[in-house]
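Participant: Letter by letter, the chains look like this.
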Amino acid sequence: KAGVTQTPRYLIKTRGQQVTLSCSPISGHRSVSWYQQTPGQGLQFLFEYFSETQRNKGNFPGRFSGRQFSNSRSEMNVSTLELGDSALYLCASKGTGTTGYGYTFGSGTRLTVV
Amino acid sequence: SQQGEEDPQALSIQEGENATMNCSYKTSINNLQWYRQNSGRGLVHLILIRSNEREKHSGRLRVTLDTSKKSSSLLITASRAADTASYFCATDGETSGSRLTFGEGTQLTVNP
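Protein chains in written order, with our numbering: chain A, 1 to 114; chain B, 1001 to 1112.
Check the hints yourself; a few may be wrong.
Stated by the list, open to error - Lysine-lysine pairs mimicking DSSO-like chemistry, simulated, CA-CA at most 27 Å apart:
id, chain 1, residue 1, chain 2, residue 2
1, A, 57, B, 1056
2, A, 57, A, 13
3, B, 1056, B, 1070
4, B, 1026, A, 57
5, B, 1026, B, 1069
6, B, 1056, B, 1069
Said to hold, decoys possible - Ranges of calculated distance between the beta carbons of each label pair, as one might list FRET restraints:
id, chain 1, residue 1, chain 2, residue 2, range
7, B, 1056, A, 38, 25 to 33 Å
8, B, 1038, A, 20, 20 to 28 Å
9, B, 1112, A, 70, 29 to 37 Å
What the hints assert, rightly or not - These stretches of chain A come out as covered by chain B in the derived footprint (C-beta under 8 Å, 3 or more residues):
id, segment
10, 46-56
11, 87-96
12, 104-113
It should be emphasised that the hints constitute simulated quantities derived from the structure, not laboratory data. Backbone N, C-alpha and C fix where the C-beta goes; we use that ideal spot for every residue, glycine too.
Start from the sequences, fold in the hints, and give me the full structure.
Facilitator: Set out below in structure tokens:
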């Protein structure tokens, strides 16, 4: 079965702009989580969505937001981009009834803010 | 902020040798997971160990968990050049809900 698909793979934006990243989870998975990876801060949890509801949120400013659609696809949005938002953004999905199993990650979106 | 620390930060070995990476964490957990990341790409789940387990094996991987010391180790036996990657431990906390808290990672280089 298809894995977690993230689009686009690479993105270059200018400070002050906004950006939307997309994640399609594994078919049947209802939980989608987002992580930011930077050299300085490592891997940090952004938020998790389950059945179109935000179930958990990390410690990021309100410029970072997300949503999930009825087909479980998720988008995250970053407004008023700052240079420090340059990072690899990873999406992960998990099925219900999979306690004891790990998350499946996508290949990520590399965002560069200039 | 990171849950804990991994050591070493970098490890370089020869093919055929064993590689051991350690991870420490701070809070109570439901389980601890190990992931591999090849140069700037996505994370690949390797193995999960529950809080009530002490050791688990999967192929050339062996994971141990000591909840009293809040630490875990990942052993890769008979390493191969293809094992070159960054390895991260991640905890699924009792009180953190459905979120993973990652360690800082160990960069493993296996020389042919």
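Participant: Hints first: check each against the structure and report whether it holds.
Facilitator: Now the hints, each set against the structure:
1. A distance of roughly 31 Å separates the Cα atoms of residue 57 of chain A and residue 1056 of chain B; the hinted pair therefore is violated under the 27 Å criterion.
2. At most 27 Å may separate the alpha-carbon atoms for a hinted pair to count; residue 57 of chain A and residue 13 of chain A meet this at roughly 25 Å.
3. Of the pairs offered as hints, the one joining residue 1056 of chain B and residue 1070 of chain B holds, with about 16 Å between alpha carbons and a cut-off of 27 Å not exceeded.
4. Under the criterion of a C-alpha separation no larger than 27 Å, the hint pairing residue 1026 of chain B with residue 57 of chain A is consistent with the structure, at around 20 Å.
5. Distance restraint check for residue 1026 of chain B and residue 1069 of chain B: the Cα-Cα separation of roughly 9 Å lies within the 27 Å cut-off, and the hinted pair is therefore satisfied.
6. Distance hint between residue 1056 of chain B and residue 1069 of chain B is fulfilled; the C-alpha atoms sit about 17 Å from each other, no more than 27 Å.
7. A hinted range of 25 to 33 Å for the beta carbons of residue 1056 of chain B and residue 38 of chain A is consistent with their spacing of about 31 Å.
8. Between residue 1038 of chain B and residue 20 of chain A the Cβ separation comes to about 26 Å, which falls inside the hinted range of 20 to 28 Å.
9. Distance hint check for residue 1112 of chain B and residue 70 of chain A: the Cβ-Cβ separation is about 49 Å, which falls outside the suggested range of 29 to 37 Å.
10. Judged by the Cβ-Cβ criterion of 8 Å, the segment 46-56 of chain A is covered by chain B as claimed, because 4 of its residues qualify and three suffice.
11. Given as covered by chain B, the segment 87-96 of chain A passes the check, having 4 residues with a CB less than 8 Å from a CB of that chain where 3 are the minimum.
12. Coverage of the segment 104-113 of chain A by chain B holds. Counting CB-CB distances below 8 Å, 6 residues qualify, and the rule asks for three or more.
Hint violations for this structure: numbers 1, 9, all remaining hints satisfied.
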